[in-house]
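Enquirer: Listed here are the chains, written in short residue letters.
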Amino acid sequence: MSGNEPNPAATMARATPEPQPRPAKAADGKRVDHARSAKQFLNAPEHAKSHDTRVWAMRTKRDKQAHTIEEWEELRQLASDIKTHTLTHLDTYLEQFEANAKANGIHVHWAKDGAEHNRIIHEIFTDHGVKSVIKAKSMLMEECGFRHYMDGVGIEIVETDLGERIQQLDGEDPSHIVVPPVHKMRSDVARLFADKLGSDPENDDAHYLAGAQRDATRPLILDADAGMTGANFAVAETGGFVVCTNEGNADLSANVPNLHVASIGIEKLVPRVEDMGVFIRLLSRSALGSPITQYTSHFRGPKQGGEMHVVLVDNGRSKRLGMEQFWSSLKCIRCGACMNTCPVYRRSGGLSYGATYAGPLGLILNPTFDAHRYSNLPFASTLNGSCTNVCPVKINIHEQIFGWRQVLAENGHLPWTKKTGLAAAGKVLASPKGYRAAIKATNSALKHLPRWAIYNRMNAWGEGREMPSPPDNGTFHDWYKRHRLNRDGASHNTPEN
Amino acid sequence: MQIGLFVPCFIDAFYPGVGIATLELLERFDCKVDYPFDQTCCGQPMVNSGCHDEARATEALFVKNFAKYDLIVAPSGSCVHQIRDNLTAIEQTPEVKHVRENTLELVEFLHDVLKVEAFPWARFEHRVGYHDSCNTLRNLGHGKPSELHGEYFSKPRALLEKVAGIELVSIDRPDECCGFGGTFSVTEPEVSTRMGQDKIADHGRNGAEYIVSADSSCLMHQSGCAARIGAPIRFKHIAEILNGASQ
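Chains P and E, in that order, give the protein sequences. Heads up, the first sequence is in our numbering, so the first residue is 1192 and it goes up one at a time. Heads up, the second sequence is in our numbering, so the first residue is 59 and it goes up one at a time.
Hints listed in this document are in silico derivations from the structure and should not be mistaken for laboratory results. Backbone N, C-alpha and C fix where the C-beta goes; we use that ideal spot for every residue, glycine too. Be aware that a few hints might be false.
Claimed, not checked - Okay, the calculated bits of chain P under chain E, using three or more residues with CB under 8 Å as the criterion: (1) 1223–1230; (2) 1524–1537; (3) 1577–1585; (4) 1598–1606; (5) 1616–1627; (6) 1655–1664.
My request is simple: use the sequences and hints to build the entire structure.
Expert: As structure tokens, this is what we get:
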């Protein structure tokens, strides 16, 4: 084919872009089936490949940035130590934060769970006659089901983060805590925006799409009655908080309307402003591999003529603080580095976790909310340990995944077949005779059974892999018996069989 | 020094050549090696699934078989990690502690204890991609993982570089997991297989003829993936190459 001719395959591919995979959600009361949802994601090969490539690129950029800082590993240790200290004295720092925030003119509220968080903010909105709200991205508000609650009471929430807005328009949860629509391709966004914003469905240029969203959202920002943000850090000694974004959307949300409400998880506390010198250096380098976010905004009180509210939210955090094996997960600064490095996350997509938090972080956080529903998640890991190594606050993530497996097994959350299968394996492997018989049977089956009897629905290994071949001359055990046992007492052992 | 050789269950069953190479290699360095005949498994399949109670009897048998040796050596990183770091279902008697503290993976033993300078009998005239298994790399400290800051080192590559004729190739994602993950390979078969295929492709496009590793479990998974898609790449355990295998 000459270089000038159009490639028919490429043209066809463009005419019918691969539809976006949409993993089925687990019904209420059911276990999330990560493996099944992951399979659905992998069945869309273009999306799967693009997702893995794009997320791996973030990990690569993170490595480059981290490696430019000689004291990187010391910084991680320092950040971890500051978090340990703060969490150890959390009550003191929370009270200090509250007192200083109040002195700055901030209204401070306490919410024990998501429901209380939503109710408190609803009351604030009712008092102020709020009908429309602009909001920056906040994983805590995802945890609380905030947008869903506000839908139910007729208050319009407009996401101002581009990625989160895409997910809102599509009626989907974020699949990544930093890059909410990272599982989508540009063609998916072009179709979505064409449908929701009236843009050109054939134009999937990123600048064009961002512009279309900007044009549609800016008027909503200017007309909003209230603005909401989360916080990356809350500083006890000042009663202020810090929000990091790349789009400046948090600043619009906080500054355009007269009412600013910030939802802050109680684990976000740090003692001093100077601690930011540690965390800000780590955060964006770990997340996206950029030295710093475009905007690092420090809020300390209401703007002139405005009103500022802070809702401090527990939602399971004090319970987690009391868990000996798992409390250090509260150190998390939500950078997403563990997701970017995780080979399972990159292959399966964030929505396959069926929970607020995807990836390694999700494996250890979600079971604290609902052990049974998320009991499969700690098994969606190869325990490779790279998540622990990239974590900027040194949470032993892979050890906690391992720990959760035991907790879930001991509390009856393992599927019956798995539990009984492993109990049977444990019996066989504890008996030399049983073990030898099992190996003999396996190798004999592999040697003599026809292919259809080995590769069937029951054989998950064989779905995409060949079984190992049984060795021609028997096991190592057989070889040792033949070659070494009869040689001048080389072994002190008496063979059993 | 009396060494107890642990040949993990799947190596015993499917890869006897790895056990033989390990034994012969240790004997080449005049080690006194014994193979306790009643050995089975380290308990890892149960423990990694959270079923510690179900692993108790297997762990007890392991200790019974190996407590009498000064050192225990095994050609499998994940099993050594299980014994050293996670063999906790049984009471931690002095015997148990002795076993856990004195179990070494083969590369560690050759590199750190014997400090081997040369393998004069070894010649492997092929392009080799080395596969760092996650357990050897991140739990046993075979080398510096790519995500950590610090001085580069790799014990298995240092050993392989002493083999005549060998050419080590680098791959694009040097230490990404290959997707075996124990029972993960059968509870998440699609993700596991995809990771395996990606790993093989990385080695293939960087010119490797062989994938070599200190963990036969990773190789069992990768070779199963390669055979299914007909990828023309071969697999060897590091013990076989250090013991003089030529292909």
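Enquirer: Give a verdict on every hint.
Expert: Verification of the supplied hints:
{"no.": "1", "hint": "1223–1230", "in the structure": "holds (count 4)"}
{"no.": "2", "hint": "1524–1537", "in the structure": "holds (count 3)"}
{"no.": "3", "hint": "1577–1585", "in the structure": "holds (count 4)"}
{"no.": "4", "hint": "1598–1606", "in the structure": "holds (count 5)"}
{"no.": "5", "hint": "1616–1627", "in the structure": "holds (count 8)"}
{"no.": "6", "hint": "1655–1664", "in the structure": "holds (count 9)"}
Comparing the model with each earlier hint shows no violations; every hint is respected.
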